[in-house]
Amino acid sequence: MTRHRLIWPLLSIAALLLTNLLISPGFFSINMRDGHLYGSLIDIISFGAPLMLVAIGMTLVIATGGIDLSVGAVAAISGACACLLISKADDQNSLATVLMAIAAALGLSMLCGLWNGVLVAVIGIQPFVATLILMVAGRGIAQLITTGQIITIESSPYKRIGAGYLFALPFSIFIVAGVFVVTALLTRRTALGMLIEAVGGNKEASRLAGVRSRGLIILAYVFSSLCAGIAGVMISSIVSGADGNNAGLWIELDAILAVVIGGTALAGGRFFLAGTIIGAVLIQTLITTIYSIGIPPETNLLFKALVVTLVCLIQSPAFREKAFRLRRKPPLLADTTSPADDQPVKVTA
Amino acid sequence: MMENTAPILEMTGISKSFTAVKALEDVDFLLRAGEVHALLGENGAGKSTLLKVLTGVLPVDAGTIAFKGEQVHFANPLEAQQAGISAVYQEVNLCPNLSVAENMYIGREPRQLGRIQWRAMRRRATEALERVDVHVDVAALVSTHSLAVQQMVAIARAIDISADVLILDEPTSSLDRGEVDQLFAVIRQLVASGIAVVFVSHFLEQVYEIADRVTVLRNGRRVGEWKASELSRVELVTSMLGRELTTLEALERKPRAELTALEQTTPVLEAKAIGKKKAIAPFDLALYPGEVVGLAGLLGSGRTEVARLLFGADRADSGQFTVNGRTTTIRSPRAATAKGVAFCPENRRTEGLIEDLTVRENIVLALQAARGWTRSIPRKRQDELVEHWVRALDIRAASAEQPVRALSGGNQQKVLLARWLITEPKLLILDEPTRGIDVGAKTEIQRLVVSLCEDGVSVLFISAEIEEVLRLSHKVEVLRDRRIVAELANEGITVDTLLHTIAGGAAA
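Chains as they are written, first to last, in our numbering: chain X, 1 to 349; chain Z, 1001 to 1508.
Chain X with its partners taken away, still in its complex shape (with noise of 0.2 Å):
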């Protein structure tokens, strides 16, 4: 079934790499330098990277039929948290300065997703309004951590993590899987993702058979904070600098077009987390080949804008019912209402 979805996101890749490859015929080419692989199909999945990380966890999210529209705030909040530990330090190369950083920055990420999730699940704030709290806060939180400014850090070890690489592949390429493995392990092998399934399928239904839906929303919320948060410790190790303004801008809009393009419905309910990484690596291509075909700078976003309504529209059973009836005689339509029920329970007064 998730091969089925999925065949229209790979045939949208697949297109749009043979629009690069038709452009710049080099296009496909990895070359070995310093020990290090460089190409530009490299480029698109480590610059994709924080994006991936900050999709995995909006899909549990959206999964629980909430969503988290703060992610983006959370990746500065953390960027800055870390880069202005590593800068307060006296050995900014310290490896224990920067996992003590990262730690701290992690942690600071996962009570964010804490006050989300309380929000959500133990007061009962709409998650779109709930997480649009952090959304905006978030922002001043990490000008506040950063007092305004750019940090800027010296430090090898941190800016490994973004920039780094281990067997000849950029290191942050690992983090993605390592984090991609962990969920699919956690959510897979325990009964998590069904229940998370079973609450943002039907949140009635699942309290009457006794799930705790409370705690996994919580949860969800924990987690794709901790996820942004990973990201935000990436973002700015890239650069070797917190930037509580930019870091992370806009980054949840496009998480939350990966997590639908691969497949998971915002509805909540079932979710594929293969999906969303292919919705990600769809997107950062997109982001690619904007640059390589040399669409002017005005007009990428509107450009981007097209390409991902063409994506939806032709992942869209009715949409391609419609356009497929266009130039067929139309079937007779079967009733497809479904059984109305004479009133749910009518509980009076």
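Because the hints were derived from the structure by calculation, they are not lab data. Even glycine gets a Cβ: it sits at the ideal position worked out from N, Cα and C. Be careful, since some hints might not be right.
What the hints assert, rightly or not - What follows is a list of derived Cβ distance ranges for each label pair: (1) Thr1374(Z) to Glu204(X): 21 to 31 Å; (2) Met100(X) to His1388(Z): 46 to 56 Å; (3) Gly215(X) to Lys1278(Z): 29 to 39 Å; (4) Ile125(X) to Thr1327(Z): 31 to 41 Å; (5) Arg1315(Z) to Gly215(X): 39 to 49 Å; (6) Glu1384(Z) to Ile125(X): 41 to 51 Å; (7) Glu1127(Z) to Asn300(X): 57 to 67 Å.
To be verified - Cross-link-like lysine-lysine pairs, in silico, DSSO-like; alpha carbons within 30 Å at most: (8) Lys203(X) to Lys1276(Z); (9) Lys1339(Z) to Lys1227(Z); (10) Lys1227(Z) to Lys1052(Z); (11) Lys322(X) to Lys304(X); (12) Lys1475(Z) to Lys1278(Z); (13) Lys1339(Z) to Lys1272(Z); (14) Lys1278(Z) to Lys1339(Z); (15) Lys1277(Z) to Lys1475(Z); (16) Lys1426(Z) to Lys1272(Z); (17) Lys203(X) to Lys88(X); (18) Lys203(X) to Lys1426(Z); (19) Lys1380(Z) to Lys203(X); (20) Lys1277(Z) to Lys1339(Z); (21) Lys1426(Z) to Lys1475(Z); (22) Lys203(X) to Lys1277(Z); (23) Lys1475(Z) to Lys1272(Z); (24) Lys1276(Z) to Lys1475(Z); (25) Lys203(X) to Lys1475(Z); (26) Lys1022(Z) to Lys1227(Z); (27) Lys1426(Z) to Lys1276(Z); (28) Lys1052(Z) to Lys322(X); (29) Lys203(X) to Lys1227(Z); (30) Lys1426(Z) to Lys1277(Z); (31) Lys1052(Z) to Lys203(X).
Claimed, not checked - Stretch by stretch, here's where chain Z covers chain X in the computed footprint (C-beta under 8 Å, at least three residues): (32) 190 to 203; (33) 209 to 222.
Chain Z: place on chain X using the hints.
Relative to chain X, chain Z alone:
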């Protein structure tokens, strides 16, 4: 009342089916100008479908509708409304954030040169409301008024759009006695002016108070039409609940263990003065191992409310529970599950199953939820459990990995049963487990109840079908008006005595 008025509306031979279910079969409905005509029936009888067909929400499969002597065919509610058929539903269809006047003229505001004539709109709204004897500030938001006033606003709007036929679906369910009187005064006034009113309600007293005629539907068929004055309460209740012996012959024998012997043991669950305001009056109920307790009563009598309190789906605001001799509370379904209580709700699609998930996942859900997400049931064990229960209950699915939404109603019900049976409950609450499913599945579920109670499980069985309740239960709790009014040991009680108890009042 108006005896010889020609029919204003004549529905003949109306049939309507959904994928597998026949919602209406060859139903006739005749409405005369200037009468209040009550349309009655239990859940799933077809009332809503009939009204939806009439107002153009749903197309008919077969049958004709004649309105004012002409064949009509409404494609949508707007067309029906323009022709003169308006409906006011139980959940008042008003926008709470708009004013009364805005609600009354939404989409048809008095305009001049494109500008809305606010003053004219308020004046006309005030006049329209005064016609139904409501005097309120029409500029105030709808949400600031009581539900009764909101109901009146909806009715006033319907009449103002020009109604020859006014459909009131459960109009009194959220009103108190004084408000009901006010509503009835308005209805009488409307009827006197020649409007025909279709009145849907499950309050039988109110039906007798206001209705001239009664049409009863059951299982998608019309049982009959009577003058309200010529129909006794027992006859009415009998026609609504039915009493034909259909599926029950298939059961080999009655599960009639000695009641007195059963009650020597410790109850699985005992409720003392458990109640919830506005839902059900405090009641006592003891459920013994190996005993089937039936709940009988009309729709809205409080059957489901009892079940929900026992399962913790709603929180009781009075009384206490005793489980295995120890006093305790049941404040959530989770707490109930931990005490060995299981509950198959009446609306299996909205409250029971998770339709996106597979048959397997739906079956293991409750057991898995009780274990917590970290202690996953190994896949092999899941498959064994699922395979066992799919076979034991004869669940017909292409595979256990098929989404449960693809199954028929009866098979979905069995999936829900399987979900709870694998938790090995001590008390199983079944709310209308046989409604809307085919006869074969129905018999199997009844047989299952018998075998469960032989195994010492306590079963609370709720059904609108009196015969079914009587056939299965050791004792029957009778509910009326959100109160348990009688507990009858099922020894020699007949359908007639039970119907009399349900109907209450003058046992004729």
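So, going through the hints one by one against the coordinates:
1. Thr1374(Z) to Glu204(X): 21 to 31 Å: holds (24 Å)
2. Met100(X) to His1388(Z): 46 to 56 Å: holds (53 Å)
3. Gly215(X) to Lys1278(Z): 29 to 39 Å: The hint (29 to 39 Å, Cβ to Cβ) holds, given that Gly215(X) and Lys1278(Z) are roughly 31 Å apart.
4. Ile125(X) to Thr1327(Z): 31 to 41 Å: holds (37 Å)
5. Arg1315(Z) to Gly215(X): 39 to 49 Å: Given a distance of about 19 Å, which is not inside 39 to 49 Å, the answer is violated.
6. Glu1384(Z) to Ile125(X): 41 to 51 Å: Holds, at about 43 Å.
7. Glu1127(Z) to Asn300(X): 57 to 67 Å: Once the Cβ atoms are compared, 60 Å apart, the range 57 to 67 Å for Asn300(X) and Glu1127(Z) holds.
8. Lys203(X) to Lys1276(Z): holds (23 Å)
9. Lys1339(Z) to Lys1227(Z): Given pair Lys1339(Z), Lys1227(Z) is violated - Cα atoms ~51 Å apart, limit 30 Å.
10. Lys1227(Z) to Lys1052(Z): It holds: about 24 Å lies between the C-alpha atoms, which stays within 30 Å.
11. Lys322(X) to Lys304(X): Holds, at roughly 24 Å.
12. Lys1475(Z) to Lys1278(Z): Given that 30 Å is the threshold and the Cα spacing comes to 26 Å, the pair holds.
13. Lys1339(Z) to Lys1272(Z): holds (17 Å)
14. Lys1278(Z) to Lys1339(Z): With a Cα-Cα distance of about 27 Å, the restraint between Lys1278(Z) and Lys1339(Z) holds, given a limit of 30 Å.
15. Lys1277(Z) to Lys1475(Z): holds (26 Å)
16. Lys1426(Z) to Lys1272(Z): Within the cut-off at roughly 19 Å; holds.
17. Lys203(X) to Lys88(X): violated (47 Å)
18. Lys203(X) to Lys1426(Z): holds (25 Å)
19. Lys1380(Z) to Lys203(X): Roughly 27 Å separates the two Cα atoms, so the pair holds.
20. Lys1277(Z) to Lys1339(Z): Satisfied, since the Cα-Cα distance of roughly 25 Å is no more than 30 Å.
21. Lys1426(Z) to Lys1475(Z): holds (18 Å)
22. Lys203(X) to Lys1277(Z): The hint holds at about 25 Å.
23. Lys1475(Z) to Lys1272(Z): holds (18 Å)
24. Lys1276(Z) to Lys1475(Z): holds (23 Å)
25. Lys203(X) to Lys1475(Z): violated (34 Å)
26. Lys1022(Z) to Lys1227(Z): Holds. Lys1022(Z) to Lys1227(Z) sits at ~28 Å (cutoff 30 Å).
27. Lys1426(Z) to Lys1276(Z): Status holds; Cα separation ~24 Å.
28. Lys1052(Z) to Lys322(X): Between Lys1052(Z) and Lys322(X) the Cα gap is close to 28 Å, so the pair holds against 30 Å.
29. Lys203(X) to Lys1227(Z): violated (45 Å)
30. Lys1426(Z) to Lys1277(Z): The given pair, whose Cα atoms are some 28 Å apart, holds under the 30 Å limit.
31. Lys1052(Z) to Lys203(X): Holds. Lys1052(Z) to Lys203(X) sits at ~28 Å (cutoff 30 Å).
32. 190 to 203: holds (count 9)
33. 209 to 222: holds (count 5)
Comparing the model with each numbered hint stated earlier shows that hints 5, 9, 17, 25, 29 do not hold.
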